[in-house]
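Residue numbers (my numbering), protein chains in the order written: chain A, 864 to 1301; chain B, 8 to 435.
Any given hint could turn out to be false.
Short derived list, chain A residues pointing at chain B, Cβ under 8 Å [claimed, not checked]:
1) R1110
2) S1111
3) I1113
4) L1114
5) N1146
6) I1148
7) V1149
8) T1150
9) N1151
10) F1152
11) Q1153
12) M1154
13) R1236
14) G1238
Everything labelled a hint here was simulated from the structure, so no lab data went into it.
Quick reminder that beta carbons are idealized off the backbone N, C-alpha and C, glycines included.
Here is what each chain is made of, one letter per residue.
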Amino acid sequence: MRTFIGIDLGSTTTKALLVDENKAVLGRGITNSRSNYDVAAAVSKQEAKIGARFTLLNQVLGSGGGAARLLADLERNFRLEQFLSELGRLEENCEAHLGHPRFKDGRTALREALSSVFRRIEAEAPAIYAPGAGRKSDFFRDIAGSRFMSLAESASREASLSFESMLNIYDKSILDVESKVSSDDTVSRQLLNGLSRAYREADGVDVSEAEARAALEKALSFELEETYVVGTGYGRVRLPFPKEHIRSEILCHGLGAHMMFPGTRTVLDIGGQDTKGIQVDGNGIVTNFQMNDRCAAGCGRYLGYIADEMKIGLHELGPIAMKASKAVRINSTCTVFAGAELRDRLALGETRPDILAGLHRAIMLRAMSIISRSGGVTNEFTFTGGVAKNEAAVQELRQLVRENYGDVTINIGADSIYTGALGGASFAHSAVARQEGA
Amino acid sequence: MSNGVVKSTSQIVQKEMIGRNYDRITGGDAKVSSTFVPGNLNELLMCFDIANNLPEINAIQNAMRKKSGDMIMEAERAGHSEDVCTYVKADIGMMAKGNIAPNGKPFPDPDILLLSYTGCFTFMKWFELLREQYKCPTVMLHVPYAADGKPTRNMRDYIVRQLKDEVIPALEKVSGIRFDIDRLREYLRKSAIAEDDMVWMLESTKHRPSPIDCYFGGVYYMGPIFTAFRGTDEAIEYYRLLRLEIQDRIDKGLCAQTPEGDMPEERYRLVVEGPPNWTSFRDFWHMFHEAGAVVVASSYTKVGGIYDYEGFRHDPDHPLETLADYCLGVYTNRNLPTRVDMLVRNISEYDADGLLINSIKSCNSFSAGQLVMLREIEKLTGKPGAFIETDLVDPRYFSAANVKNRLESYFQMIDQKRRAGGSAAIVA
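My request is simple: use the sequences and hints to build the entire structure.
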């Protein structure tokens, strides 16, 4: 079947999205952007195809007989299979790096320590993907990395080994794992293995394993033809395809927001390093835009920097800020100064939730200024980008929009991080329609 | 041709003219006045055989030679804030670094500082600094702001009185030459001849494809009329030559000339508001060239004086009055509704796709009110606008990736709008 793909290469994450002939979304995929956009594009595309397989499987299975439950179980177990296979690759790479002459003396001890770390992560893996288990990140590097750090520290202490050496081996090895894109065959195998795992714990599913396997094989049998790919985002010039396939992220976000919420007239997108205020007409055509210039304060990276300063995960910022009783006033124009203010406020005895609430307000004040420059907020207002997932940021935004523009419908979709990729996929679809119509 | 840059005969001629003027300034024989570009009184200075040195042009020359960055740092070390106009800092830094002219010879101390545009407060402060440095006579011609858009008779009389009572006596004193109004009339007559050809050049971009770029290319084409050559035979000859070159391009159906050669295709026609960035001038122009974008009209080519809005030409029959009108008519001396009207007319008469604003953070004369102008012009023309920010001559404030990103978005926005063509069905 023909698919039309949009890839949004952001500074933090890369997103891909597949639509079918009717512009219906088949699958979405996301990965961290790394330093290599080519790989990030390939991985996100493969992830979007995986999403498409689930959509197709859902279509084959229909909705009855506990199909939704089965799909959820399969998803978790497939991710576990994927994790274990990447963990296996990571261990192989570590073993290869152990061969370096600098590890000649302690090689045996290091090998044993590494092996014990990997066995423990393997043992923990099913719990990481257990039903209802919360994960701070969905990316292999983050999950495996945090467990490796923690376990390697104790393993090296117990064996009187250098933690630095273990870290060094890990750092070199993870790069190779991240650079490898799973083939379609590997994905199919992982899905089938995942299905077998799912049935070991199957509960509340009427569909038999044989039926499910046949359905999955059918879903896997569809060829997902990459009919046209459009790239957008900061890394778009790195995409290995012609210039005509590259679209500005402004246009992609504008169109994507229109497709998600057709009443959209104003779009705010807060990404890793830029904040965009976009005005669109009734057809999703951009009529005006403004972006932050010269300085990326107030963008996603601002939150990342603050999370690092506080030694907490990016995902934890919003929930902590939601516990605030007041918002401490924080500088909104410089990320580094905000970090200094953060330490200052902590020293003065302000609570972390109150400081974080202030930081979220600072981001949104900056965003409001950019929106004003683009022409203000016109009903309906759609908020997109990674920061739209942060409930504290959303709360501040809602308040500021109400204070400045009154009652405005504010749209925030669950898949808002894919807005740019959706716009890209729509451009891909239209490009083919134009070619064929010509 | 040098460094792979394609140059026309008129450009080579202009380069020689500028070189000769720097040689005259640094030669030691002529008295020297420092003055600014907007509303300058070149014909009047010529009546006293005073050479015309323009600090803004020096800053631009230094920026294009990649020297302004160090000069600005030098000025900042001397206590000038980061927010100050970078023309000023480049000039102050140049003085601190030996005050060497682009021809490699030291600039002499000016004999007089002549300020003939007071709409920019920074200009006044700049000259105060220069006066402190050189301890030379300083003449300030107060030019009232045309708050209602059009200068009034009173404003004109007020300027003429200042010319008679203050400016001319000061120039006589410095030069030792008596003012001869007939000499001024003769220079003004020559100005008007060159100005006719210059306006023809400005309007040549109405052709499709446009034979020239009126922003990046325009700053070269405006050079002689805005600097030390208005009123000279050299300027008449330059614009005659330029006109022939442009006519030849029109006859051949060529797209705009750029340093990389003729643009292969004209895809976008833009009107640009605001000065260009000088430190990355070629890179900035290249972004337009590779997209097939040509600037058909720009406000920056009106920064010295406006010729194509109300048909102004220097008038030898009313010599002092015409100098007053020229000073009053400067683009940044007009109120926002007039600037909006000028740009709207440009967009319509030059059949442009929209307005791009290059906003300069350290230049209030230009930048104040630009976002309001953008909205108003979008509303009045129905054409899309875009806004980018760079700096005049501080290389630290040109972020190529960001500028390119916004330009690409803008060009694609124009494409998208064209494709939609008012149809609700096709949006991409």
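Each hint, compared with the structure:
1. R1110: With a minimum Cβ separation of about 6 Å from chain B (threshold 8 Å), the hint on R1110(A) holds.
2. S1111: holds, 4 Å
3. I1113: holds, 4 Å
4. L1114: holds, 5 Å
5. N1146: holds, 4 Å
6. I1148: holds, 5 Å
7. V1149: Cβ of V1149(A) sits 5 Å from chain B, so the hint holds.
8. T1150: Check passed: Cβ of T1150(A) comes within 6 Å of chain B, closer than 8 Å.
9. N1151: Hint on N1151(A): holds, closest Cβ of chain B at ~7 Å, below 8 Å.
10. F1152: holds, 7 Å
11. Q1153: Holds: closest Cβ of chain B sits about 6 Å from Q1153(A), inside 8 Å.
12. M1154: holds, 7 Å
13. R1236: Hint on R1236(A): holds, closest Cβ of chain B at ~6 Å, below 8 Å.
14. G1238: Since chain B brings a Cβ to about 7 Å from G1238(A), closer than 8 Å, the hint holds.
Violated hints for the displayed structure: none, as all numbered hints are satisfied.
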